[in-house]
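Residues are numbered in the working numbering as their position in the sequence shown, beginning at 1, plus a constant of 58.
Just so you know, the hints here were simulated from the structure itself, not pulled from any lab data. What you are looking at is a predicted structure, and each value in this text was computed from that prediction instead of being measured. Hints are supplied without guarantee of correctness; some may be wrong.
Claimed, not checked - Have a look at the derived ranges for each label pair, beta carbon to beta carbon: (1) Leu74 <-> Met94: 27 to 33 Å; (2) Val71 <-> Leu101: 42 to 48 Å; (3) Glu103 <-> Leu67: 53 to 59 Å; (4) Leu70 <-> Met94: 32 to 38 Å; (5) Asp63 <-> His92: 41 to 47 Å; (6) Ile95 <-> Val60: 53 to 59 Å; (7) Asp96 <-> Asp63: 47 to 53 Å; (8) Val73 <-> Gln104: 43 to 49 Å; (9) Gln102 <-> Met77: 36 to 42 Å; (10) His92 <-> Met59: 51 to 57 Å; (11) Ile95 <-> Leu70: 51 to 57 Å; (12) Thr97 <-> Thr62: 49 to 55 Å; (13) Leu98 <-> Asp63: 35 to 41 Å.
Even for Gly, the Cβ is constructed at its ideal location relative to N, Cα and C.
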Amino acid sequence: MVNTDSYLLLGLVVVLGVMLVYAGSLILRIRQAHKMIDTLETLQEQ
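Construct the complete structure from the given sequences, taking the supplied hints into account.
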């Protein structure tokens, strides 16, 4: 029987890497949105 453990580990690493990149992009979007809201509120007050 063929040993496919390395392919399983590679697949898990790739999936986890993609998930981390996606989570990071979401965090950056949320931070950017908060900055934009603060800027708009400041401009609205002026």
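Taking the hints in turn, this is what the structure says about them:
1. Leu74 <-> Met94: 27 to 33 Å: At 30 Å between Cβs, range holds.
2. Val71 <-> Leu101: 42 to 48 Å: holds, 45 Å
3. Glu103 <-> Leu67: 53 to 59 Å: holds, 54 Å
4. Leu70 <-> Met94: 32 to 38 Å: holds, 36 Å
5. Asp63 <-> His92: 41 to 47 Å: Distance hint for aspartate 63, histidine 92 holds at roughly 44 Å.
6. Ile95 <-> Val60: 53 to 59 Å: Cβ of isoleucine 95 to Cβ of valine 60: about 54 Å, so the range 53 to 59 Å holds.
7. Asp96 <-> Asp63: 47 to 53 Å: Given a distance of about 50 Å, which is inside 47 to 53 Å, the answer is holds.
8. Val73 <-> Gln104: 43 to 49 Å: At roughly 47 Å between Cβ atoms, glutamine 104 and valine 73 fall inside 43 to 49 Å, so the hint holds.
9. Gln102 <-> Met77: 36 to 42 Å: holds, 37 Å
10. His92 <-> Met59: 51 to 57 Å: 53 Å Cβ-Cβ, so the 51 to 57 Å window holds.
11. Ile95 <-> Leu70: 51 to 57 Å: violated, 37 Å
12. Thr97 <-> Thr62: 49 to 55 Å: holds, 52 Å
13. Leu98 <-> Asp63: 35 to 41 Å: violated, 53 Å
Checked against the numbered hints above, the structure violates hints 11, 13; every other hint is satisfied.
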